[in-house]
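Here the protein sequences come in this chain order: A and C.
Letter 50 of the first sequence, counting from 1, is numbered 49 in numbering that gives the first Met the number 0, and no numbers are missing.
Letter 136 of the second sequence, counting from 1, is numbered 135 in numbering that gives the first Met the number 0, and no numbers are missing.
Don't read these hints as lab results, they were simulated from the structure.
Where a beta carbon is used, it is the ideal one built from N, C-alpha and C, also for glycine.
One or more hints might be untrue.
Pulled from the structure, derived: some chain A residues nowhere near chain C, Cβ distances all over 12 Å [unchecked claim]: (1) Lys24; (2) Val36; (3) Ala41; (4) Asp53; (5) Gln72; (6) Ser89; (7) His121.
Derived, one-sided and incomplete: chain C residues facing chain A with beta-carbon distance under 7 Å [claimed, not checked]: (8) Arg438; (9) His441; (10) Ile449; (11) Ala452; (12) Leu453; (13) Lys454; (14) Thr457; (15) Val483; (16) Arg487; (17) Gly492; (18) His494; (19) Ala496; (20) Val497; (21) Ala509.
Simulated restraints on C-beta separations [claimed, not checked]: (22) C/Arg614 x A/Ser23: 48 to 54 Å; (23) A/Pro16 x C/Pro326: 27 to 33 Å; (24) A/Pro79 x C/Lys454: 29 to 35 Å; (25) A/Val74 x C/Lys549: 19 to 25 Å.
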Amino acid sequence: MDSGVADVRCVLVDDNPGFLITASKLLDRQGVSIVAVATTSAEALQCVQEQRPDVAVVDLQLGDESGFRLAEQIVNGPVPSQVILTSTHSESEYGELIAVSPALGFIAKEHLSPEAIRRLVHPHG
Amino acid sequence: MRGGLITRLVVVTVALAVVVTTAFVFLLVAMARVDRARDVAVNSAEEAYAARDVRRALGDMETSERGFLITGQESFLRPWETGRQRIAERLTRLRMIVDDPDQAVRAERLERDALSYVNDYSIPVVEAARRNESWARSIASSEDGMRRMDALRQQLDEFLMTEDALDSRQQAAADSMYRRATLIAGMGLVLSVVVTALTAVYLAREVVSPVRRTARMADRLAAGDLTARVTETGTGDIATLERNFNSMAESLQHNRTELGRLNDEQTALRHVATLVAQGRPSDEIFTAVAEEIGLLARADITRLLRFESDGTATVCGTWARTSDPVPTGDRIAIGETVAAHVNETRMPARRTEVSPPDLPAGTYSAVGAPIIVGGTLWGAITALSAIEHPIVDDTETRMAEFTDLVGTAIANTQAHSDLMASRARIVAAGDESRRRIERDLHDGIQQRLITLALKLRTVEADLPEASPVREPLAELGAELIGAVDELREVSRGIHPAVLSDGGLGPALRALARRSAVPVELDLDIDARLAPAVEAAAYYVAAESLTNVAKHANATFVELSAAVHLDRLLLTIRDDGQGGADTAKGSGLIGLVDRVEALGGTLTYDSPPGAGTTVRIDVPLGMSAQC
Chain A
0 MDSGVADVRC VLVDDNPGFL ITASKLLDRQ GVSIVAVATT SAEALQCVQE QRPDVAVVDL
60 QLGDESGFRL AEQIVNGPVP SQVILTSTHS ESEYGELIAV SPALGFIAKE HLSPEAIRRL
120 VHPHG
Chain C
0 MRGGLITRLV VVTVALAVVV TTAFVFLLVA MARVDRARDV AVNSAEEAYA ARDVRRALGD
60 METSERGFLI TGQESFLRPW ETGRQRIAER LTRLRMIVDD PDQAVRAERL ERDALSYVND
120 YSIPVVEAAR RNESWARSIA SSEDGMRRMD ALRQQLDEFL MTEDALDSRQ QAAADSMYRR
180 ATLIAGMGLV LSVVVTALTA VYLAREVVSP VRRTARMADR LAAGDLTARV TETGTGDIAT
240 LERNFNSMAE SLQHNRTELG RLNDEQTALR HVATLVAQGR PSDEIFTAVA EEIGLLARAD
300 ITRLLRFESD GTATVCGTWA RTSDPVPTGD RIAIGETVAA HVNETRMPAR RTEVSPPDLP
360 AGTYSAVGAP IIVGGTLWGA ITALSAIEHP IVDDTETRMA EFTDLVGTAI ANTQAHSDLM
420 ASRARIVAAG DESRRRIERD LHDGIQQRLI TLALKLRTVE ADLPEASPVR EPLAELGAEL
480 IGAVDELREV SRGIHPAVLS DGGLGPALRA LARRSAVPVE LDLDIDARLA PAVEAAAYYV
540 AAESLTNVAK HANATFVELS AAVHLDRLLL TIRDDGQGGA DTAKGSGLIG LVDRVEALGG
600 TLTYDSPPGA GTTVRIDVPL GMSAQC
């Protein structure tokens, strides 16, 4: 257990409900707390506003919507929050788009873990 | 004088011959008379000689008789004998040559009396004297003799005088006849000359002159001046000659003009047909048609109109001698114009339009012809000209050939765009199924595998540290992720995520980064393009880079892409060995259809030893079409 550091409060955004359930179970531990899940951009923004999480994990393939756009909206929104991008595609498939994005970084879905999230949110902690 | 040329010539010549002949006949008759008069005169002279002969004979006889009577010498009787012998024949001769009846009577009486003197007096006296009969030398006998001789002399004198008088009369008659003959000859000559002159003048005026005039005009005609005509003043055959010459010249001129017109028309049609065959854009063809028709019809304004469903028309092509107030592309109302007439009847039409809309005020002569495309009325060509110089006759029928070409051009364009649309649909359908496959892969299998992997990790996380199951589970996990990576490769080949999300620029940069051969990028694209265009460019670039890596033995590749004047230009050039024959060997052949379906071109250049260049040129939007 961490010493005196609060859990990283996290919102998960993905258009696949099945994934949300599995990911919630996996990630809601070891210093990460899943406070909300959303399947659309609108939902995601609402959640962020309500929950004021530390980070939102955003799937880049949000159906017809662009995950990059949502990331920008969240980072630059009225309730700013960090964003971690994720996808079933690998990082290299997105080329420079990830580097250009205001998100903290990218974690491929199969590599998602609480440690991975914590490492990005608190790089020195 | 009507009638054939031969007839007239014959008549005139015969008249001339008749005149001349008549004159000569009169002349000959006069000459004959003169001749006869001369004969008579000669005869008269002979009569006079004959009479004088008789007198001499009588005189000789008398003298010698007297001499014998006086001398009684026989030698005096010799002349008397001679005379006696001669007298009879001379008297006979005289009698025979006398022609005048009165003179004949006198000659007969003279002969009788002279013979009587000879036979009844002289011979008896001489015989008596020879016999020395005294009465022979008596005064009575000599008086008798003298009386007889005087009577005879008187008769002879009478005869001679009368003969003289006759002779004079005949001389006078002969003179007058000669004078008459001369007069007749003179008149005949003058008349002949006059008639000949008149004949010559007549022939010259009626025959020679027209023929020469016609010959001169024929020369001009032969030299190329087809306006040569003769004034038709002749009659009969000459008139026929002149008339036929004129109609022949008219025909030649007409044919040459017609030929010229046909030639102009054919040249214009060929020009337009060439444009159509070359597949030039519709607006170019429409403008060309408007211009050619305008020039051929010598119109002031021509317009190529497309009929719209609301009763107006769009001007698709226009030409004007000076300027047209309606630019191409505008809609105009067609109201009661010739275009409306064509719209109703689908037939060529000609009208006089007074102050038509969209034109400077005035009265116009207007013709229109329908444009039929695939059996339906598409629009019309109209030509207008100020009424002072109306449109050439039958222009509306000659426009039919042009409207056919226009119809073909429109049908071609339609077919072409139908074809393009069909190809684009095929390509789009292909893309759509690719995307579906990709989505199925992503949303379906990939997602499941990843979820599996995560579930596995969850289980792993819940296991105690020292569980023996940890290691095999980790292995399983790794394999799962391996499978996911493989699927990712497949997915990327089908439809890369970066292309959909980031556009052509980032996608090309991603390609460049992954390329085995270094890629020099030169990108000038600042906005998203149509998905079909981005996909086509990306696949061409990806395929080209694959080929470079596989075959080219190159050290670097230049990849440039730019948007210029509403077109995307992409070039991939390597410095490898080149020498590939056509694009067929590479996978690019499949992409040619995709590029052309967008209305673009793909060129492939691979000279041996000089590297390979692949170029595509794709239009970005649809330009406004008529």
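- Message: Need the list of violated hint numbers for this structure, in ascending order.
- Response: 1, 6, 8, 17, 18, 23 and 25
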